[in-house]
Amino acid sequence: MSDSKSPLLDELEKGPWPSFVTEIKKAAEKSPMAQGLLEQLELSYKEKKTHWKHGGIVGVKGYGGGIIGRYSDSGDKFPDVAHFHTVRVNQPSGWFYTSDALRELMAIWERHGSCLTNFHGSTGDTVFLGTKTPELEGIFTELSEKGWDLGGSGSDVRTPSCCVGPARCEFACYDTLGLTYDLTMSYQDELHRPFFPYKWKFKMAGCPNDCVASIARSDFSVIGTWKDSIQMDTEAVKEYAADANFNIQKYVVNKCPSKCMSWDGEKLEIDNKNCVRCMHCINTMPKALRPGKEKGAAILIGAKAPIVEGAQLASVIVPFMEMKPPYQELKDLIAAIWEFWDENGVARERIGECIQRVGLGNFVEQIGLKPIPQMVLQPRDNPYIFYEEYLEEE
Amino acid sequence: MAAPARKTDIGPPHYEKFLHPVIKENYGKWKYHEVLKSGVLVHVAETGAKIFTVRAASPRLLSSTTILLVCDLADKYSNGYLRFTSRNNIEFMLDNEANIDPLINELKQNNLPVGGTKNTISNIVHTQGWVHCHSAATDASGLVKVVMDDLFEYFEEMTLPHKVKIAVACCLNMCGAVHCSDIAILGVHRRPPKIDHANLKNMCEIPSTVASCPTAAIRPTYVDGKPSVQIDEDRCMFCGNCFSVCPAMPIADPLNDGVSIWVGGKVSNARTQPTFTKLAIPYLPNNPPRWTEVTDAIKKIVTIYAQDAEKYERVGEWIERIGWARFFEFTGFEFTKEHIDDFKYAGLTYRRTTQMKF
Ligand code: HEM
Ligand code: HEM
Ligand code: SF4
Ligand code: SF4
Ligand code: SF4
Ligand code: SF4
Chain A
1 MSDSKSPLLD
11 ELEKGPWPSF
21 VTEIKKAAEK
31 SPMAQGLLEQ
41 LELSYKEKKT
51 HWKHGGIVGV
61 KGYGGGIIGR
71 YSDSGDKFPD
81 VAHFHTVRVN
91 QPSGWFYTSD
101 ALRELMAIWE
111 RHGSCLTNFH
121 GSTGDTVFLG
131 TKTPELEGIF
141 TELSEKGWDL
151 GGSGSDVRTP
161 SCCVGPARCE
171 FACYDTLGLT
181 YDLTMSYQDE
191 LHRPFFPYKW
201 KFKMAGCPND
211 CVASIARSDF
221 SVIGTWKDSI
231 QMDTEAVKEY
241 AADANFNIQK
251 YVVNKCPSKC
261 MSWDGEKLEI
271 DNKNCVRCMH
281 CINTMPKALR
291 PGKEKGAAIL
301 IGAKAPIVEG
311 AQLASVIVPF
321 MEMKPPYQEL
331 KDLIAAIWEF
341 WDENGVARER
351 IGECIQRVGL
361 GNFVEQIGLK
371 PIPQMVLQPR
381 DNPYIFYEEY
391 LEEE
Chain B
1 MAAPARKTDI
11 GPPHYEKFLH
21 PVIKENYGKW
31 KYHEVLKSGV
41 LVHVAETGAK
51 IFTVRAASPR
61 LLSSTTILLV
71 CDLADKYSNG
81 YLRFTSRNNI
91 EFMLDNEANI
101 DPLINELKQN
111 NLPVGGTKNT
121 ISNIVHTQGW
131 VHCHSAATDA
141 SGLVKVVMDD
151 LFEYFEEMTL
161 PHKVKIAVAC
171 CLNMCGAVHC
181 SDIAILGVHR
191 RPPKIDHANL
201 KNMCEIPSTV
211 ASCPTAAIRP
221 TYVDGKPSVQ
231 IDEDRCMFCG
241 NCFSVCPAMP
251 IADPLNDGVS
261 IWVGGKVSNA
271 RTQPTFTKLA
281 IPYLPNNPPR
291 WTEVTDAIKK
301 IVTIYAQDAE
311 KYERVGEWIE
321 RIGWARFFEF
331 TGFEFTKEHI
341 DDFKYAGLTY
351 RRTTQMKF
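Order-wise, the sequence lines are chains A and B. Position 315 of the first sequence, counting from 1, maps to 315 under my numbering, and the rest follow consecutively. Position 23 of the second sequence, counting from 1, maps to 23 under my numbering, and the rest follow consecutively.
Treat the hints as calculated values from the structure; they're not laboratory data. These figures come from a predicted structure and were not determined experimentally. Keep in mind that a hint or two might mislead.
Said to hold, decoys possible - Stretches of chain B that chain A covers, calculated by requiring three or more beta carbons in the stretch to come under 8 angstroms of a beta carbon on chain A:
hint : stretch
1    : 69 to 76
2    : 232 to 244
Said to hold, decoys possible - Among chain B residues calculated to face chain A with C-beta under 7 angstroms, some are:
hint : residue
3    : A5
4    : H134
5    : N269
As the list claims (entries may be wrong) - Derived DSBU-like pairs: lysine-lysine, alpha-carbon spacing no greater than 35 angstroms straight-line:
hint : chain 1 : residue 1 : chain 2 : residue 2
6    : A       : K293      : B       : K163
7    : A       : K199      : B       : K201
8    : B       : K76       : B       : K17
9    : B       : K17       : A       : K293
10   : A       : K287      : A       : K273
11   : B       : K108      : B       : K24
12   : A       : K287      : B       : K118
13   : B       : K118      : B       : K300
14   : A       : K259      : B       : K300
15   : A       : K324      : A       : K370
16   : A       : K46       : B       : K299
17   : B       : K29       : A       : K293
18   : A       : K25       : B       : K299
19   : A       : K48       : B       : K299
20   : A       : K331      : A       : K199
21   : B       : K24       : A       : K295
22   : A       : K238      : A       : K267
23   : B       : K299      : B       : K337
24   : B       : K37       : A       : K267
25   : B       : K344      : B       : K194
26   : B       : K311      : A       : K250
27   : A       : K199      : B       : K24
28   : B       : K31       : A       : K295
29   : B       : K108      : A       : K30
30   : B       : K300      : A       : K250
We treat Cβ as the ideally placed atom computed from N, Cα and C, and that holds for glycine.
Let the hints inform the model, and build the full structure from the sequences given.
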């Protein structure tokens, strides 16, 4: 009979995929908190039930966000994880690091916490997973001394995040890292001090591939696109044509959603007026095709997970905007939306739900945009029109 | 020694400090990329400069020990530069092609396998589960581990018709984009919260508890003379939203909690529009530590997709082409009453045409 304290979790150290259980055990060599987590988690596996309690409000001085309070419901059995709060550290744009920067972060975390991390949390933050209340001020002070700051949590601007963008992707139609950094710095107050009706997420994707799932997860989604023609390198097209494993007609032209491409075996043509900028042809022939030169981004609003009123994808409010520093047009739009939200939002209602309630037409009118066909797939098909004005006989 | 300075509102370090010199020089000037082999990319700039990327798996939940190990590997092979992807993979950026294979070997020795590029199953986006959340109906890290163990060949080899993105969320809050993945595993509660009437008034604010319920199932009431709430059980869809605002309404229940499986969502705009996942299996039991019912179901979906889909078809595009009826026929999954939507916009998903395949 094995004397392991975690026989069920030990089963998850088998198999080829890297094991989170092994990670918890490695951390437990350095921190009793991680050992406490291992033991409590084993109990959850045995009982098929979580042993975390609803979080209380904890934080660091002057900040309303950045720490997620977490308490064990079995603190008597597992005193080392009686408090086990998360520290959200604002990640560098694009999740780029140097080894020195990571060592600096780990030194702070090994002094003050469980030695467990998430690289990264779903919002994008560098997550320090699990520490006690008295450690929080020390962590924050040491982080800030080294030039790091906390991310968002609660009803505030959540830590903005972006795809790798122009740093290492030829498809990027604007500087996702630059914009993310700029917005993060411009909205420090909104990020650290929750005063919105609910959370607000910014996500920046460099092109319609949307590698950060911004259309599915962000209240305010900036997705790169272009206005002019796809750039084509005809020599490279010939290379693809010569590749016996590739079939331009079948894999590219036939799959174009707007049927705006043609291929006669020698010449590839694109009717750019009718291209919907879906990226498929560019994804499949990256050496030959690239987004156009007149680049910018579409702005979409209102994505969210199901709770409370059902899941929503974000929808277009601005089909195309130039994205160049200092991003004034974008910031004016954000200011107008926040003003609208301040007046119309109710607690725990995401902007997408608020717009559903008020109506997209009323929303765009109030933030000073003109209704345009690009905002919808089709005009309404129900005749309950709420006309707002009528004429009186004189 | 002076106390360290405590500064607020300084924001994150500027990302430029962390960019490999080749990346900094060629920022915004990339021309094209190629996948050299599974897990290895090369990006080529207008100038001809090249940067090689090696992508390795990670369980996301990492010890500082492993982070420090990864730092040492970065120092040795990639001038100390590294990054993480939106699916929690670790990427090393190399200017020296000769370092690729030694790095891959050393990663593998440390049980950090390399892959996840192009037509693979990359890392699973997931949430906290029993590791760190009060709301969880299942454990996310455990499910990720067993599913990826089972599908490991598809991480290492680029043999699928297209990429398959899998996500796990441990309750309906879905922290993460599980509602738009090719395959989603979603923890579900199936029994309404049990109300602690004796303590509710002290622990919760009644109006906000009532307001928290999406289906308006909660009403204020008195129990034994004390103010409390009651739930109209027929209207409860087990979201746990009330428990998030009122700890006196615990929803976790080992007997009834479990997992549902969803398929066919995507976020990319390529070819077809972004779309939600749809229900494939309404309930599978929580069977830790290895959840075999879940791994079997996922393996079945992936295997049939791999055989039947055309090249460049995502799971959802494949199912749209063959039709949902055929998806259920091929997989043998039972189609039940639960598969038919009955919330707000339910009618939009009924078949309003006689166009059908037999
Ligand atoms: C009533 C609604 C929700 C509640 C009560 C809730 C609760 C929580 C809790 C307690 C955590 C922390 C888990 C931990 O202790 O580490 C968490 C994490 C998180 N939540 Fe939510 N959540 C809700 C809705 C959402 C929604 C709708 C989203 C996304 C749109 C979201 C995104 C996140 C993210 C990104 C994290 C970090 C999780 C991770 O990286 O694993 N949450 N949420
Ligand atoms: C050949 C075309 C594509 C290229 C060059 C490309 C490029 C990239 C790059 C550079 C990353 C790392 C991004 C980051 O972490 O910030 C990435 C990851 C990702 N891409 Fe794309 N992308 C392509 C097509 C697509 C498509 C078609 C989709 C969606 C259907 C997609 C969705 C994603 C997602 C969700 C990730 C995270 C993957 C991971 O971390 O393993 N990409 N892609
Ligand atoms: S969203 Fe587009 S620009 Fe950004 S990494 Fe993905 S493919 Fe590149
Ligand atoms: S981007 Fe999409 S719509 Fe435009 S030509 Fe290419 S495949 Fe067709
Ligand atoms: S999905 Fe649910 S259980 Fe999982 S971390 Fe989010 S709120 Fe917690
Ligand atoms: S679990 Fe959700 S649906 Fe059920 S009573 Fe609570 S809030 Fe309402």
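Hint by hint, here is what the structure shows:
Under a criterion of three residues with beta carbons nearer than 8 angstroms to beta carbons of chain A, the stated coverage of the stretch 69 to 76 of chain B is upheld, 5 such residues being counted. Counting residues of the stretch 232 to 244 of chain B whose C-beta sits closer than 8 angstroms to any C-beta of chain A gives 4, which meets the bar of three, so the coverage hint holds. Satisfaction of the interface hint for B:A5 is found here, the shortest Cβ-Cβ separation to chain A being roughly 6 angstroms, below the 7 angstroms cut-off. Because the closest C-beta pair between B:H134 and chain A is about 4 angstroms apart, less than 7 angstroms, the hint holds.
For the restraint placing B:N269 at the interface with chain A, the shortest Cβ-Cβ distance is roughly 4 angstroms, inside the 7 angstroms limit, so the hint holds. For the proposed pair A:K293 and B:K163, the alpha carbon gap of about 28 angstroms is at most 35 angstroms, so the pair holds. About 27 angstroms separates the Cα atoms of A:K199 and B:K201, which keeps this hinted pair within 35 angstroms; it holds. The straight-line distance between the Cα atoms of B:K76 and B:K17 is roughly 19 angstroms, inside the 35 angstroms bound, and the hint therefore holds.
This hinted pair checks out: B:K17 and A:K293 have alpha carbons roughly 28 angstroms apart, not beyond 35 angstroms. For the suggested pair A:K287 and A:K273, the alpha carbons sit about 22 angstroms apart, so the restraint of at most 35 angstroms is met. Between the alpha carbons of B:K108 and B:K24 the distance comes to roughly 29 angstroms, so the proposed pair stays at or under 35 angstroms and holds. Of the supplied pair hints, the one linking A:K287 and B:K118 holds, its CA atoms being roughly 15 angstroms apart against a limit of 35 angstroms.
Restraint check for B:K118 and B:K300: the C-alpha separation of about 21 angstroms stays at or below 35 angstroms, so the hint holds. Simply put, A:K259 and B:K300 have alpha-carbon atoms about 34 angstroms apart, close enough for the 35 angstroms limit, and the pair holds. A distance of roughly 23 angstroms separates the Cα atoms of A:K324 and A:K370; the hinted pair therefore holds under the 35 angstroms criterion. Pair hint A:K46 plus B:K299 holds up; C-alpha atoms about 25 angstroms apart against a cutoff of 35 angstroms.
Among the hinted pairs, B:K29 with A:K293 is consistent with the structure: their alpha-carbon atoms are about 12 angstroms apart, no more than 35 angstroms. Between A:K25 and B:K299 the CA atoms are separated by roughly 29 angstroms; this keeps the pair inside 35 angstroms, and the hint holds. The suggested pairing of A:K48 with B:K299 holds, with an alpha-carbon distance near 23 angstroms, which does not exceed 35 angstroms. Proximity of A:K331 to A:K199 is assessed by CA-CA distance (about 18 angstroms); at most 35 angstroms being required, the pair is judged to hold.
The hinted pair formed by B:K24 and A:K295 meets the criterion: a straight-line CA distance of about 21 angstroms does not exceed 35 angstroms. The straight-line distance between the Cα atoms of A:K238 and A:K267 is roughly 9 angstroms, inside the 35 angstroms bound, and the hint therefore holds. The straight-line distance between the Cα atoms of B:K299 and B:K337 is roughly 24 angstroms, inside the 35 angstroms bound, and the hint therefore holds. Under the criterion of a C-alpha separation no larger than 35 angstroms, the hint pairing B:K37 with A:K267 is consistent with the structure, at around 30 angstroms.
About 26 angstroms separates the Cα atoms of B:K344 and B:K194, which keeps this hinted pair within 35 angstroms; it holds. A distance of roughly 9 angstroms separates the Cα atoms of B:K311 and A:K250; the hinted pair therefore holds under the 35 angstroms criterion. For the proposed pair A:K199 and B:K24, the alpha carbon gap of about 33 angstroms is at most 35 angstroms, so the pair holds. Pair hint B:K31 plus A:K295 holds up; C-alpha atoms about 16 angstroms apart against a cutoff of 35 angstroms.
Distance hint between B:K108 and A:K30 is fulfilled; the C-alpha atoms sit about 24 angstroms from each other, no more than 35 angstroms. Only pairs whose Cα atoms come within 35 angstroms are accepted, and B:K300 paired with A:K250 is accepted, the gap being roughly 27 angstroms.
In terms of the numbered hints stated before, the structure departs from none.
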